[in-house]
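Fit chains S, X and Y to the known structure of chain H by using the hints.
As they're listed, the protein sequences go chains H, S, X and Y. Just so we're aligned: the first sequence equals residues 1 to 344 in my numbering. Just so we're aligned: the second sequence equals residues 1 to 344 in my numbering. Just so we're aligned: the third sequence equals residues 1 to 344 in my numbering. Just so we're aligned: the fourth sequence equals residues 1 to 344 in my numbering.
If you are wondering where the hints come from, they were derived from the structure by calculation, not from laboratory data. Any given hint could turn out to be false.
Copies of the same chain look alike in the list, so a pair counts if it fits in one copy or across any two.
Keeping only pairs whose Cα atoms sit at most 27 Å apart, straight-line, the calculated DSSO-like set for lysine-lysine is [claimed, not checked]: (1) Lys256 x Lys226; (2) Lys290 x Lys55; (3) Lys290 x Lys190; (4) Lys20 x Lys117; (5) Lys190 x Lys295; (6) Lys55 x Lys193; (7) Lys190 x Lys147; (8) Lys117 x Lys193; (9) Lys147 x Lys225.
Remember, it's a predicted structure, so these values are computed and weren't measured experimentally.
4 protein chains.
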Amino acid sequence: MSQPTITQAADFAGETATYKVGVYGATGYTGQVLMSILAEHPNIQVLFATSESSKETEDGLALVPIADAPLADADAVFLCLPNGVSGGIAAQALEAGVRVVDLSADLRLDTPELYTKWYKMPHPAPQLLPTPYGLTEVNREALRGAKAIANPGCHVTATLLALYPLAKAHALTGDPVIADTKTGVSGAGKALKLDSLFVEVYGDVKPYNIGRVHRHVPEIEQMLKKLQPDVGPLVFAPHLVPVDVGLLATVYARMKPGWDMARVRAAYQEAYTNEPLVDLLPAGRAARFKDAARKNNAAIGLSEGAGDMLIITAAIDNLRKGAASQAVQNFNLMMGLPETAGLL
Amino acid sequence: MSQPTITQAADFAGETATYKVGVYGATGYTGQVLMSILAEHPNIQVLFATSESSKETEDGLALVPIADAPLADADAVFLCLPNGVSGGIAAQALEAGVRVVDLSADLRLDTPELYTKWYKMPHPAPQLLPTPYGLTEVNREALRGAKAIANPGCHVTATLLALYPLAKAHALTGDPVIADTKTGVSGAGKALKLDSLFVEVYGDVKPYNIGRVHRHVPEIEQMLKKLQPDVGPLVFAPHLVPVDVGLLATVYARMKPGWDMARVRAAYQEAYTNEPLVDLLPAGRAARFKDAARKNNAAIGLSEGAGDMLIITAAIDNLRKGAASQAVQNFNLMMGLPETAGLL
Amino acid sequence: MSQPTITQAADFAGETATYKVGVYGATGYTGQVLMSILAEHPNIQVLFATSESSKETEDGLALVPIADAPLADADAVFLCLPNGVSGGIAAQALEAGVRVVDLSADLRLDTPELYTKWYKMPHPAPQLLPTPYGLTEVNREALRGAKAIANPGCHVTATLLALYPLAKAHALTGDPVIADTKTGVSGAGKALKLDSLFVEVYGDVKPYNIGRVHRHVPEIEQMLKKLQPDVGPLVFAPHLVPVDVGLLATVYARMKPGWDMARVRAAYQEAYTNEPLVDLLPAGRAARFKDAARKNNAAIGLSEGAGDMLIITAAIDNLRKGAASQAVQNFNLMMGLPETAGLL
Amino acid sequence: MSQPTITQAADFAGETATYKVGVYGATGYTGQVLMSILAEHPNIQVLFATSESSKETEDGLALVPIADAPLADADAVFLCLPNGVSGGIAAQALEAGVRVVDLSADLRLDTPELYTKWYKMPHPAPQLLPTPYGLTEVNREALRGAKAIANPGCHVTATLLALYPLAKAHALTGDPVIADTKTGVSGAGKALKLDSLFVEVYGDVKPYNIGRVHRHVPEIEQMLKKLQPDVGPLVFAPHLVPVDVGLLATVYARMKPGWDMARVRAAYQEAYTNEPLVDLLPAGRAARFKDAARKNNAAIGLSEGAGDMLIITAAIDNLRKGAASQAVQNFNLMMGLPETAGLL
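Just chain H, with the same shape it has in the complex:
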């Protein structure tokens, strides 16, 4: 990896350092948002961006196929590639001394066995596992200076941010934890699938892969069990809604004795009051798409359920805090930049 041209000591908190980055998969929905964030980032120069199908972006930036990308000249790369492809490029990058933020699922699960079970293929780079998991607010210290980071899925980000303060405090019971999520359609990506056609989605609200069959289940449970080993099983029910961007997790969780709303709120305040990209909403306000869509933050609301059951609502933009802006947040930590550079 090349060195930043301006040394850390010479700048103000690293703000004038400039890193050369490459973006793999720049024309997908996540790639497009990532490119727009990077264009405004004060410390980033986009060295190259790849696409197998397009020669330039809508804004006229040149695109190259993966094979032609000058990987070794980059300080870091963002990978917005299909599962199974991304991991291989991550390995190449790391061998060349280039840092990696991987937005695919390839580096999210800790073992190749778990990956193969859920993704039905051999892991493309098992030697990279486990990779530090980029749920920034939960795992920040492991991300500072990391060589590679596995950026979380969008449903996962919302669900884990909703549960983190409770799980960290071991406040959850062993009962099932329910995440009923509603996602905008861009979460399905730009692949040409019947289910993504306008006419199919318009006017519909559709649950899909509900229960314990969605690939986000092991990703959520892996982190949840690290935080609280005796947590109950996850019941996960994603729903597709006719909106382009946005994601809301409505999470139902039961708490151990001694946890009332005041103690709950105190735990969330402790966890999130100083977080620059998490907004804890006032009592009585549930989170909604509009709290986070087209923004880089997450919004969290706390509502009483019944008895020991709490309802936590967490809204994010699935392409931003659920993908591209969290990737940049992680990149900033990786490089020692201010965590919100390019994001506020």
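Chains S, X and Y in isolation, oriented as in the chain H frame:
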């Protein structure tokens, strides 16, 4: 009440009988759908329709103010009026010997005390309570020949249809039952509210009145406890989605030991296989808006959660099976007509 | 072609005749709507429906590949097939004595040369040209008893219905006639194209192929010039709007001296007052999607422009009066059935 | 008016000057967008913002009623007030030496008579007419240092930007000029009207006030005739589409002999190539909502019609280039700031 004009032996199950009905509140969203169903109903002549603000419908039918409606000439009336107003008209109608299907909330709760607690006003006609509750599939026998019927709310219909086969079998545990519902915007009616403006709703998904604060909570629990007295508390979380019509309840419920998916499915098949307006979806298919929007039926799906937790999805059109078409179904029972007259 | 089992003389205006029909391409958006109309048609039995990709419809009806369809057993077929394929099947059907309503573009233009110019391929069945053109209200007499009918395109139907009374009266000047159309996304069909993805369409209004480059230009001008040979050139500007179904043509046309609004309205009244599937809106009311979406009718509004320029608005459902319901209307004429059988 | 607090020689083109501004009507859709732009503007300090109904913005900024606003302490005010109210405040501001950008219609027409004819009320401040008209690209020199500016309507901005290069060159014939516009719903504002309810708008495309009856007709013609006195009459047909923000004008205009597409393109290039907030699209590309929605620019496309008829497409964000961002652009000119300060 006048008698049906044709009562010959030649009738097949009363199919040629014609009843004169009045529609109170014909220009709201529910009233409009109801009018369109009644126009095609083979046994109904719409004697009058009321509106305080319009003189005719979009189709050019004359509208009269409530004060001018020839109530006593009707065989039956449908009330699509505001809570607090509807009950008074219901009382007048019954005194005049006119049958009533009330689509407001006024007759849904069994006691005036419960009504006052949740609706913050005195009950307009406490002498009518309890009124037979018009969740047709659950309460059919009480509706045949009834003088008045309280038509259920839309979230309530979906949630109770989702839970009925389990509750009837006393299969639910005492744990909280969770209903995470998603509703189209027409559920909020035609009232001029900021929250109903296009720009406010577009692009948003918004939880509202979640937990145990929505007025549908006592309505759902009242029926649920009649079916299974030891059922757990309801946690109810409605969400507004940017669609005009449709409602989906995603219900999470735990079952007593001995209830596996096979037994669950058998219970739902027994309850719904012969129901003309409830479609039980095949294994693996969750219900979605498009299964029921602009249709008169409900669609029910069964999915595995985790362990003893089941996920039941129930889709209806909030203005049809959740309001107008269930009202007609109830009217048919009330009058001794084929239950689906005008609905298939 | 088999004969109707019940002779014309024996029934009431043909209402009890039953024809066996085949539907080619039953799973596209037009095919689906057509199937739903046919299911309610009192004189039609669907003998077979084809699909190359699916084995049954969403409602569980069996589908066969084209190669397995018992074409010769049908009285008539509806062709919802791709351009270039449809014409060949039409020829096979006619050879087998089976009548044809073709919803593709193959039979719409009068000569193979014009077809090749606009569709960039040889005509699949030049011997069938010219085929009677199924714009029902304009060409009704040519459709009664026809062996084959070319069903018009959706933009074409709206634009020509907007202009017909003027063109028939030779009231248009030689100035350009402008049709600015707005179409729902189902007009693009179920093909997997990036431009049809939800995220691409959502929030956008997009002109496409504007000017004189869209394939509907020659189709509109061919009929317009038959009605009024000295009509001016068409300027055609279709726009894609984020709605599933509906089509609105806003047409700007200049009239010869002597044509004021009163005379214009009289001409439209004469043309449309007795048309069962065309609604002439009252003065001051422009047509909108909601006048025709999910309905079988067209709605026409007349508005003053400036001086000799008139604005005509014409709304249809692109899948119904713009495709499937006009096809059934044409089928009814072809078979001597009441024109609106199955459509009211 | 107070002087900018910082006036050092060290300023680069005034970039570090700070002006105190007031925003009247900060909670409407335009006001909200304006507030968000001002918050990022390097030379603006928002001194106060008014609302008659709210005490703070969604972001927690304090709001005051108009009566309590410290008008005289401001350097300039933006007026997002109802027609008929705004003009009076403008007069008060100017008397107090405070500059005004008025986003209402009050100062747009040159004479009180014309205003009264179209707005059906006496003009609130006839002494202010005519006010420099803030269509920036067309009228820039009159705006530099102006005391008051009348900010144009959104349909007007798009239509006039579409026609400006031709009208300036006197290239238009005397035939009618047609502007068929499609607007997002936020253009109707936050007023509680049935026509703005989600359910009313959803799934619809609706022409309204078409012909020569919309209030934007005199506003467009006033400027058009200043540019080319012999221009033909405007035919203006706005359509409401189910989108929150965006506006597209599809303009059909005939050109005098000698104007072919090459000459047309050259005229638009001359007019717009150096404009920072107008994008001239390449040949063959028509403008669409997505070219301008949520952006501060306009996008202009040129397409061949037929013969001497040109089709110009112009897209803007109705709340930005059609309102708030053009207001800021005008403010910048008024104050001698870089024209795009706060807008790029």
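| Within a copy, between copies, both or neither: where do Lys147 and Lys225 come within 27 Å Cα-Cα? | within (25 Å within a copy, 58 Å between copies)
Query - Status of Lys295 relative to Lys190 across identical chains (alpha carbons, at most 27 Å) - result: both (21 Å within a copy, 23 Å between copies)
Fill in: Homomeric proximity label, Lys117 with Lys193: Cα distance no greater than 27 Å
within (24 Å within a copy, 32 Å between copies)
Check your understanding: Is it within, between, both, or neither for Lys190 and Lys147, if the alpha carbons may be no more than 27 Å apart?
Key -> neither (29 Å within a copy, 45 Å between copies)
Identical-chain pair category, Lys290 with Lys190, by Cα at 27 Å: Both ways: Lys290 and Lys190 sit 23 Å apart in one copy and 17 Å across, limit 27 Å.
Next on the checklist: One pair to classify: Lys20 and Lys117, alpha carbons no more than 27 Å apart. Within, between, both, or neither?
Outcome noted: Neither way: Lys20 and Lys117 sit 36 Å apart in one copy and 51 Å across, limit 27 Å.
query: Within a copy, between copies, both or neither: where do Lys256 and Lys226 come within 27 Å Cα-Cα?
result: within (18 Å within a copy, 30 Å between copies)
### Query
Within a copy, between copies, both or neither: where do Lys290 and Lys55 come within 27 Å Cα-Cα?
between (34 Å within a copy, 21 Å between copies)
query: When no copy is specified for Lys55 and Lys193, does a C-alpha distance of 27 Å or less occur within a copy, between copies, both, or neither?
result: Cα proximity of Lys55 and Lys193: in one copy and across copies (23 Å, 19 Å).
The structure shown violates the earlier hints numbered 4 and 7.
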